[in-house]
Structures are given as C-alpha cells and as structure tokens.
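Let's have the full structure, built from the sequences with the hints guiding it.
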Amino acid sequence: MDSRVSRRETASRATILTYHRLSAKPFEAAEGDYVISPEAFAAQIDLLAAEGGRVVGLDALLGGQCAQRSVVLTFDDGSDTDLDVALPILRNAGFPAAFFVDPARIDRKNYLNWSQLAQLVDAGMLVGSHGLPHRFMDGLSDAEVAERLQGSKWALEKGLGIAVDTLSLPGSSGGARVVRLAREAGYRVILGPHPGLVSPRSLPPVLPRFTLRRQHDLAAFRGLVEQRAKVRLALSLRYKATRVARAAIDSRSYERLRLEWLFLLRARIPVAPDAPEATIAVATPASVPPATAPPRQRPSVVFVFSKFPVYDEAFLHRELAAIAARIPVAIFSLKRSRETILHDEVKSLSASVVSPPFMLWPDFWRAQITVPARDPRPYATALLRLIRGNLKTPFRLLKTLVCFPMAVYLAWWVRRHDVGRIHAAWATYPASVAMVASEITGIPFSFSGHAHDLYFNPTQLREKVRRAAFVTTCTASNRSYLRGLAPEVARERILLVHHGVALERFAASKPTSGPLEILSVATLNPHKGLAYFVDALARLRDLGVDFRATIVGGGPLEEALRRRIRARDLTAWVNMTGPLEQSDILPLYHRAGVFVLMAQPEWHWGIANVIIEALAARAAVITTRFGSVEELIRDGDTGTLVGPKDVDGLVEAIRRLAADPGERARLAEAGHRVVAHEFDLPTSVSEYVTRFRTPSAVATGAPRPPIRVLFVIDKLQQAGTQIHVKRLIAGLDRREFQAHVCCLLAAGPVADEIRTWGVPVEVLGLRTIYGPRAWTGLRRLALLCREQRIDILHTYLVSANLYGTLAGRIARVPVLITSRRDTGFSRNWRLRAAEEWLVNPLVDCVTAASPAVAAAARRERGLHNGKVVTIGNGLDVAEWDPRRYPRAAARDEWGLTDGETAIGVVGHLSPVKGHADLLHAAASVARANARARFFVVGDGPLRRALEGLVESLGLTGRVTFTGIRPDVARLLSMLDILVVPSHTEGMSNALLEGMAMGKAVVATAVDGNLDVVRDGATGLLVPPRDPAVLAATLLRLIERPEEARTLGRAARAWAEEAFTVQAMVARHQELYRDLIAR
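Per the working numbering, the sequence shown starts with residue 62, numbered consecutively.
Simulated from the structure, these hints should not be mistaken for laboratory data. Careful: at least some of the hints might be erroneous.
Claimed, not checked - DSSO-like cross-link-like pairs, simulated, lysine-lysine; straight-line CA separation at most 30 Å: (1) LYS170 - LYS219; (2) LYS571 - LYS787; (3) LYS170 - LYS571; (4) LYS368 - LYS396; (5) LYS301 - LYS368; (6) LYS368 - LYS460; (7) LYS396 - LYS408; (8) LYS170 - LYS396; (9) LYS396 - LYS460; (10) LYS368 - LYS408; (11) LYS408 - LYS928; (12) LYS170 - LYS368; (13) LYS928 - LYS776.
The structure displayed is predicted, hence computed values, not measured ones.
In structure tokens form, the structure reads like this:
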C-alpha cells in the first residue's frame, strides 16, 4: 500500500525546467553549455506536445491545477532568443512559460528590450525578476540584497505596467536569509537553482528546477520529464558537487574558473557551418595555440597587447583594423581576454591573434630551450637588465620575471614567422616584452604611449624610449614629456599620432524635434565623475529642461549610479545601457545633441576618444579640464569646459545649449572640423604604415627602380588644381618616384615650369575632349603608358579621369588613381554617369581634396569607403611668408595710401566662384566707407560681364581687375582682407595662400572652406550667395583693423601647422607605396 502511495505522489509532482539561451552557436558569450540549439528546443517541445496536457503555467502549478508529471517551462536571463526563437515555438504548441529578467540587461546587446518584453506580456507569458544585476548575493549585506531585489521589482513594474511577484534567484543565490529578504520585498513565489520535483500539495519556500544544458539529448530530456530517478540523481549529484566547489573557493572564483574552462573548450569546438567563424574565434584569442593557428599571411608587424581584446580599447582596435587592411599583422596577447562584447573591428582581426600558450603545451618549453641555446648572450643580457632595473621594487621584479618567458616565446615566434617589426600597443608591460624580444632577436621594436601608461616608471620608460625605433603618443603634451624624459633621442623618433576616427561611420542627421538627447560614454568608475553628471540631470529636470539622457558603459559604480538615479527619481529621464558594441553605440552618437564627460583631472588622461567620436558625430561637447583635452576642446570654440566637480556650471552649460540650438550646432560643427582635419583615421594609419615600411622593418634586397607616376590633366594653365599638381611633382622624392605628365588639350605656363625640372610633359593636342575623333586619344595615351612602363596613373579633373582610367586599363597600368577637386558641381549628368559607371569600378583609389569632397565622392556608385582617401592641398609656407614681400612697395605700386583698406579675391572668373556676390557687397561697402578698394585677381569667361557689373554698380575706380599675375604672393602682401565668395569649393589654394600670407580671410561656409577656416579663430565664415552679410562682415573688419590682424596671425599659424606641402607630398608618396605594395 505504501509503495503505491509513493508512486502516486511522485506521479503527481511537477518538473520545472529552466532554459537560458537558444542559439546554434555552442559557446556564445559566457553562457557556455547553457546554450541549446533552436532545433533541440523545438524537438523537446514537440515531444511534450505529443504527450498532450502536460505543460502548465507557473500560476496553474501554484493553484494545484496540474496533471500527472506536469511540466513548467521557465527562461532565465532575458535573452533576445526568448522572443525570436522560443515564443514562436511555444505559441505553435499552445504552451505557457515564465520569463525571468534582470532589468540591468534590458536593451543590451543579445538581450531583450522593453518593447520585446511587452510583447511577451501581451502573448500571455509571465514575466518575473531575475535580480538586479545578475550577480551572486552570498557576500552582500542585508541592505544590499534588499536594495537589489526591490530595485528589480520596481524597474519591471514601472517599465511593463504589471505586478511582479515572482523571483528566480540568480546563480547560487539562496539560503534562508535571501528568501526572507525576498519575501519582505514583496515576492510571493521564489524559484531556486537546485534540482528537484515540486508537489502542489506542499510547496517548498524555494521551488526547485532542472536546468537544461547543451549535452542533454532528447533521450535525457525524456527521462527528465518522465521523472526517472537515474536522470534526477545525476543532476542532483552534479549540483551538489558544484555547491561544494562554490563553498570551497567562493562563488565568484568558481565562476571565473568556469569561464576559463569554457574559453579553453571554445578553441576545440568546431564551428557550425552556418555560424560566423570570426564571432567564435575572436572571443578567446588567447586560448588558441599559436603553433597550430598562425595568421593567414606572414605578418610584417606583430602588435603586443597586455590583453586583447579589451572593451574599453575600441580606439586601438579601430586603428589596428585599418593598419591590417594595408599590411599583414599579428596580434600577441599576453593575457587571455574574457570579453563577451566584441566590437566589429575585433571580429575582423580574429585570424591574426596569437598568444603565449599554456605552460603544459610543447611550444612554450620549446621556446624556453631553443632561444637561450641559439642566442645565449642576448638572452642573458636582457634577463640581467630586467633584474637590475627592478631590484628596488620586489613586486614589480616578480611581475617582470613572469613576463620574461612570454618575451622569450615572442622572440621564438617572430623568428619562426619571419616578422620584420615588433610594436607594443602600451608603454607598460607590452613595451617591456617587446623590448626584450627585440634585444634577443635584433628585430626593431617600437611602442605607443597613451595616457597613464606613460607615468608609472620614468626610469624604465626612458630606457624604452632610447631603445625603440620610434615612439608614438596621442597628445602634444605627452610628446613634450617624452622628449624631455629622453632629450638625447632624436625628436623625429618621438611622434604625435592622434587616434583617428572613420568620419563616414559617424555621419548622420540630428533629430530636429523632441527632447534634447544627452549622451555620456565612460567606464563607470570614480575617475569619470558620473555622480556629478547625474546630480546635474536632476537639477535640469527640476528646471523644466526637456531632455533624455543615456549613460553607456559598465564598471564598479554601476549599481551605485543606478541607486543614485532611482533616489533622484530620474528613471524616466535617464537610461543606463551597460556596455555596448560600437555598432550599437553609433546610433546613440547620431541622435545626441550634447555629449558630456565629467572626467576628473587627478588621473593621467590623454584626449578621451569618446570626445573625438562625439565630435565626429557632430554633438556639442561639454567636458572638464583634464589631461590634454584642451588640445581639442577650446572653451567656447570647439566645445564647453567646466570645473571637474562643478555641478552648477554643468547645469548652466547644458541649459544654455538646450535653449540655443544654433549655438549647439556651431560648437558641434567647429569641433567636427577639427576632428576631420586632425583626427582622420587614414592619416593616423599612414604614419604607422610609413614607419613600419622603413628599411629597418623590411628585408633588404636589390634596390627597386623608381616608381613611375604619370599625371594626366587637360591642360596646365595657372589655376588651383594645376598648381596643386605642380607642387606635388616638385616635392616627390626623385630617388623613389619618377614623374611624367600628359596634357590632353594643351600645355600652359605651369607645364613650362615643370619641364625646367627635367620632368617630361607630353601634350596630346586634342581639339575636343568628347567628339568622335577625340577617342583616338585613348590609343595614344595607352601607348604612352606602355612605352614609359608606367606604374601609377594619377588623373586630375573630369576629362582626365575618364580618359586616363580607360587608357590605363587598356595599357594594363598596375595602379589607377582619379581625383576629386570639388563636390561635383563641374559635372553634368552625362559626365557623372560616365564616371560612376565606367571609371569608378575600374580605379584603385580616389584622392579627395577635403573631407567634404570625400563625403560627396563616397556617395557615388562604385566608390566604397576604402577607395576614397582625403589628401588636402598644401603649400610651401616658407615661400608664402609675408616677411619676404615688402608690403609698402606693393601698395605704392597699386596706388594705395595708408588709410585705405585693400580687399581682394583670387581665382578663376567663373560663376561658381561668386565674384558677382562680392561686387554687390562691394557696392554696399563703398556707400558706407569711401576708403575701401577691391582687387580681382585672375581671368576667365566672366571677365567682361563682371567689368560691366562694376560699371553698373558705380564701382569704377574702386575695383581693379589685375588679370592673371605671376606674382600673386607679392600682390597678396598688399591686401588687408582676402575674400573667397565661392558657391562651392573643394579646397581653395587661394584660401590657403592668403592664410599663409597672414591675411584676414572672409570665406563662404561651403564644402572645403569649412575644413580650412575655423570661424572666429582663423577667419570668418559667411553664408554663400548673401552679399548683405558679406558686406556687413567686411565693414566689421574695416572698422576693427586689430581684429583683422589677429585673425591674420592665427591664419598664418594654422597654415604652418596644418597645410604644408611636405605633409601633402608625404601623404601622396605613402599612398603610392601602399597601392604598389598591394
């Protein structure tokens, strides 16, 4: 009788099953064997459906409404697969389920958002709490546990508008204490992690559940739902063993060991055919044995990291991915990374990652034996130097000695793979490892220093600087510090290389309506001042400012910040997302009107890369004075600076920008221009690639003959593009490059000058560009390419782009480059169609004169981002030095007296240059000021019409047409103000020349002018086609000559810093080398 009762009671008990993530990838994120494939889940639900009536909801179980061997389905963690995979399968079977969510994970990558959670509720599913955040509660105080449980319940009820009284305890968080606190927090039902059956007649305080794992096949699942003793016993023993391990080493240590084991397994689990290989391979780069998984190409450079990848080092991942696109690289990670949030750049680098193997692997010991046997003296010298340098600091000595075997392994690895250069990504232990490996092997090493890594040990850092082939750092103040630390090192070996951004990724239009979007992206630690930011937001809310704020990032203060937000009742105004992938942060940058970073100055910072990214996305930046931030953010010009703990100042700054969208846009645009010019990713990458390709970094051999470059253009008259070509040819290194020139139509004065340098200039002499006979020019140009064995064909202007590209392909020229000098105004629809359909698919690269021109080019068919390279114009600032040209003599020659203001414009007389606008403005100026004279320098088809306009406006005698002048610099020296009134502009040579001559510049706010002139700092910007505003601006400078002189001095300094011909030529030479190397 008793046995029958026992069997009946067992049959009436229910089984609660727990799922986590449903995915085809066996080891996704940190969930390990908790990940079950969608196919396996569907098969399990089909089995339950075939049984009929066995699956009940949690509420039904609690109410005693269950059949024999009932099953309750639950899902922990709030994975996005709950909605995408589980819900459709459950609906199809008609099964209920309970979903337990941690509010801290909502809206994060791979997790549900609030809208998706609402869909689960609408589908009739139960939604409960899974803690806040998903962490162990064993070591927390009663107050901390209560706050987490209450906070999770409150957040879910507020976000979903439902009552939440069901709790799934995270991990091993159990015990009578936690259960008591959960009851006090208002939870009616509590589910635990321990296995067991549930009897509706006598419910325990914590309901047991069986967790489904990847290794459970359908037979094991059947045994579980049929409540077979053998299956239940196995799961119970596993759980008890886990409890013992957790008790022995504490829950957190156990979890770390579990993740280590998963990372090891990932290297041995084959990737499913339909799963992206990079996603799995890059998650645990350090667990892949280097000997069995070398990079696909022989690397030219190996980059040494302390740990790769690290979530907060997205700026390094971005640079490294761009470098890897140009030269083969390897990545040497000293430690294993446990990151689960991977940026896109990391995924693209997965095949390049290597790492020291575990000590039990043969390669490790092979390296420790063969390296000292082959190089005993360098090995011993390096080891003794490390010991001597750290004798006074035993702890640092111990860490250095731990790193030494890694350096030995790196030396063995670079020799084995014939690597030409070692570069450390940080100045601390990566640089130490790189220096030791370099000393053992003789392979040159270099390193980068960014912020606090430069300030740990000056003595060791000085030694690294002395031994490195070169050192890069991201701020001018860091560069000065390093040069002062090692003054004996050549200054050109210590370089300033800004961390760059790919501007096209951040381009987006801002919302024009709705609340002000405020963004802050930072690691949540005390150094980032986020508590002050939250306090300021509370004040803004009280002042009635309409805003929504987003805080992106994770860290030790995450819980404290959430409590602060709740305490100030800011939940409806502030969203904390936790750490996100870069692809998920980009939309937040795009929407943000204001970006705030309240970093505290007590730490050694550089320029925070999130500020660079915010300006790239045209968000107005408010930040504190810390580190080197003032090299980028100039208060009131490119952003707003406040005190490090100045909540009042931050409130006022945000309130002012919220009330004045125009000021917000001005600051954002000014900052964006600086980033576009000084923090361009291709520029930064080119500096590294150039250094890595120096003779010390590559194998030597027979000298390579010069690279033959043919420049094709329609004619070489005295105009902007032609002058650019002349300067480029003049600056090319004759030992490495041999220039040739071909003019399609005619030569011109610039061609005569180029010939005097010994550069051949061929003239095809075509009468027309696009007639039927003109196409015979293709054959002649192709023959020229073959005869001269041209390596690179670089074309300028539309007709040359078309002719040169087609002829180059006919002649099989290895590299074809076209150029863009403007944003497209000079092309009609036929030419545009010809370029987009015929030329763009054939070329290897397109050079753009400015970021604005590059952005326009990237919108064309066939020009993906990688094909377009921005290289601005340059000029010899020594040649355009105002001290070389006597101002008084030039003014006397043109009859100017001391009291007269000379205003000039230099350029081709064509409609797009806006000369008519200037003349209409001149008429207004003349009526208000009789002491102003105007000079129009240049010639073109509009000259007669403009002379007629001068006469009709009554400006005869006030406006002088000089024609084309060979002495433009001398003529500029007599001017007080230079006007560039263009309707569109690529990058104006006249503008650069005027700035180099120290002239106050007034330019239209169009295209390339925006990339050159900093409004109010190096010149003044006015709207195009607006003579009234132009006249008012000119009168302002006439009446304030000291302001004009100040602008002129700043313009000269800016030209000397940013627009040198040497930099322009160097960028072209690097581009030519890069394309030839491909």
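30 Å Cα cutoff - pair LYS170, LYS368: holds, 22 Å
Pair hint LYS368 and LYS408, alpha-carbon separation not exceeding 30 Å: With a Cα-Cα distance of about 15 Å, the restraint between LYS368 and LYS408 holds, given a limit of 30 Å.
Pair hint outcome, LYS396 versus LYS460 [Cα-Cα no greater than 30 Å]: holds, 13 Å
Given pair status - LYS787, LYS571, alpha carbons within 30 Å: violated, 41 Å
Pair hint LYS396 and LYS408, alpha-carbon separation not exceeding 30 Å: Since the Cα atoms of LYS396 and LYS408 sit roughly 18 Å apart, the hinted pair holds (cutoff 30 Å).
Satisfaction of hint between LYS219 and LYS170, Cα-Cα up to 30 Å: holds, 22 Å
LYS408 paired with LYS928 [C-alpha distance capped at 30 Å]: Distance of about 22 Å is within 30 Å: holds.
Pair hint LYS170 and LYS571, alpha-carbon separation not exceeding 30 Å: Since the Cα atoms of LYS170 and LYS571 sit roughly 23 Å apart, the hinted pair holds (cutoff 30 Å).
30 Å Cα cutoff - pair LYS928, LYS776: This hinted pair holds, its Cα atoms lying about 26 Å apart.
Agreement of LYS368 and LYS396 with the hint, judged by alpha carbon distance not exceeding 30 Å: This hinted pair holds, its Cα atoms lying about 5 Å apart.
Pairwise hint evaluation, LYS460 against LYS368, where the allowed Cα distance is 30 Å at most: holds, 15 Å
Proposed proximity, LYS368 with LYS301 (alpha carbon, max 30 Å): Violated. LYS301 to LYS368 sits at ~35 Å, over the 30 Å cutoff.
Violated hints, in rising order: 2 and 5; the structure is consistent with all others.
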